[in-house]
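Chain order of the listed sequences is E and D. Take the first sequence: its letters are residues 66 to 407, numbered as in this note's numbering. Take the second sequence: its letters are residues 66 to 407, numbered as in this note's numbering.
Check the hints yourself; a few may be wrong.
Because identical chains cannot be distinguished in the list, a pair is counted as satisfied if it fits within a single copy or across any two copies.
Stated by the list, open to error - Below, simulated DSS-like cross-link-like pairs (lysine-lysine); rule was C-alpha separation at most 25 Å, straight line:
no.	residue 1	residue 2
1	Lys200	Lys314
2	Lys335	Lys197
3	Lys158	Lys142
4	Lys338	Lys319
5	Lys197	Lys318
6	Lys375	Lys338
These are calculated hints, taken from the structure and not from any lab test.
There are 2 protein chains.
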Amino acid sequence: MYIALDAMGGDNAPTSNVEGAIAFTKETGIGVYLVGDENVLKDLLEKLGGKNLPIEIVHAPEVIGMDEPPSIAVRKKRKSSMYIAAKLVREGKAQAFVSAGNTGAAMAVSKFVVGAAEGIERPGIAVAFPTKKGKPTILIDVGANVDCRPKHLVYFAVMGHTYFKEILKISDNPKIGILSIGEEEGKGNELVKDTYPLLKMTNLNFIGNAEGRDIFTGDFDVIVCDGFVGNVVLKTSESLGTIILEMIKEEVKKSFITKIGAMLMLPALKRFKKKADFAEYGGAPLLGTKGTCIITHGRADARAIKNALKVASQFEETHFNDKLKENIQTLLPDVLLNGKVA
Amino acid sequence: MYIALDAMGGDNAPTSNVEGAIAFTKETGIGVYLVGDENVLKDLLEKLGGKNLPIEIVHAPEVIGMDEPPSIAVRKKRKSSMYIAAKLVREGKAQAFVSAGNTGAAMAVSKFVVGAAEGIERPGIAVAFPTKKGKPTILIDVGANVDCRPKHLVYFAVMGHTYFKEILKISDNPKIGILSIGEEEGKGNELVKDTYPLLKMTNLNFIGNAEGRDIFTGDFDVIVCDGFVGNVVLKTSESLGTIILEMIKEEVKKSFITKIGAMLMLPALKRFKKKADFAEYGGAPLLGTKGTCIITHGRADARAIKNALKVASQFEETHFNDKLKENIQTLLPDVLLNGKVA
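Hey, can you work out the whole structure from these sequences and the hints?
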């Protein structure tokens, strides 16, 4: 197995990426293609002690900037580390693609360069949210698609189910919900109202509408939504978490006593931050693509890169795409399989 | 001026509601109709020293439960404190309606009993989010409407503009954004893409797409969105705030030192909570209704009720609906006024 790593993507690239790849390869023996500037990567690999490992450098002269629009990554900069890494998967040279670069661009490259798996119209990106119960809740889709149709949300549910069961291995029959406003059946917008009866027809463990507040309670294992809503929720949550801690810090600074208090409390805050850290879970997979695609946070450090590579290898080891294909056949009703629902 | 208060709505009703009404009337001299169980309210009013104030009790034998569907409030329980309070506005006996009861029901009653103002197709509920900059950012709509059309979002923008300028009085030309995914024009779903050019045609201070993270930065004054997305954002944010504090508390409990730290930090945490408290802003107005409708949090205490009554009186004193009507005429392009955009 070989994993193609976009070695130039992310705030801490390429150093953290190379460090992460070395740590991963040392631990697992699995091969990594480091895609990026050959000269830079060669020096780094040597310096960081990764010379005699199954790590191969693949040259890519361009880099996708963190603020460049996704269309550039797909249509123009075809010699970028991101594009070439994804192409290695499309060509069958690598089995998985990992990037900590520009999220929108990485999603677009995953969708259009790696491509959707057979039978999947719209791959969906899944993010693990930390919850009160300690185990994560998966929200899918958080931005790979907008203006979804009911059918897409049902497929997201099967993808989320398969991810929760095969990769996270927390439950064999994860509880599935659909993001809505109001708990009862019949509440929500048109998309939710049309998707609800379809989800009820599946063999999934569908337990009904989830509200915004249910994302963090842990009562649901997988919550499906349109990628527009999911992306707004993801960005709102990340930002609110950061701002709450910043606002508390501001208040702490106002007196000597509270400063001492904060110092004593620091270990608890650190433990909290670790638990709440989205990066801990090893990145967000784009489910339903031909090969495995893992998109990690731009802030990813070496440990997060290593985690992402590990998750990517798990997808391959568990034959995720085969399981997904199987689940689509066994969990979905005929009406969705025979193309009668558009 | 008289304000109709749903005296039985909210977790702390009727005591906090009566206390809040007394405090408000003492301070402003403005009259309040206390709508609810006559016997209970009469005793409470006497006990709490509100006898010789311009507070009148209006009997309502029923109460809308916190979990009852909105349809019950509008169609079935027409003798509820909420329904009768709203009816006082419709009949012109009161100028404003305030409720801390079941939010969905209060929205429905505001829309269908008080009714939309002339020229407004869809009233929108506005919520003030605390931001880093100290001043709030208004999100509208947070749940009164789903499956909005572009025209509705443009009207929400004018409502938000008028609210920010006339009631919050923070800026005369508030910065307006549209909630989307991605910053650049052209990013988002169909609704956003179709609304963007219309917003650009208005005389509003429209500054472009806002992402989920922009809600808390304070860079925007008013952000418009479909009520489905807004409601999910509101509930996600409220719940995440609570859960972060709970998770920190759990971690603090694990050692004696961190417990001491937390005790010393308490004043800072309290100041933070006060700043972040949605209730501080005096409830959320449903903008674009015939009379003023203010919906406050179910947890509202006497001070929050008093604040909500104050905000309601400000709407009347500033002739909010006249200003809104004026702004619609001066800020919107002809294409939106002549009915050419559906």
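Here's how the hints hold up against the structure:
In this assembly of identical chains, the alpha carbons of Lys200 and Lys314 lie at most 25 Å apart only when taken from different copies (18 Å versus 28 Å within one copy). Taking the closest pair of Cα atoms, Lys335 and Lys197 come within 25 Å of each other both inside a single copy (17 Å) and across two copies (22 Å). Taking CA atoms no more than 25 Å apart as the test, Lys158 paired with Lys142 passes inside one copy only; the shortest distance there is 21 Å, against 67 Å between copies. Taking the shortest Cα distances, Lys338 and Lys319 sit within 25 Å of each other both inside one copy (23 Å) and across copies (15 Å).
With identical chains, the CA atoms of Lys197 and Lys318 are at most 25 Å apart between copies only, with a shortest distance of 15 Å across copies and 29 Å within one. In this homomeric assembly, Lys375 and Lys338 come within 25 Å of each other (Cα to Cα) only inside a single copy, at 22 Å, whereas the closest approach across copies is 40 Å.
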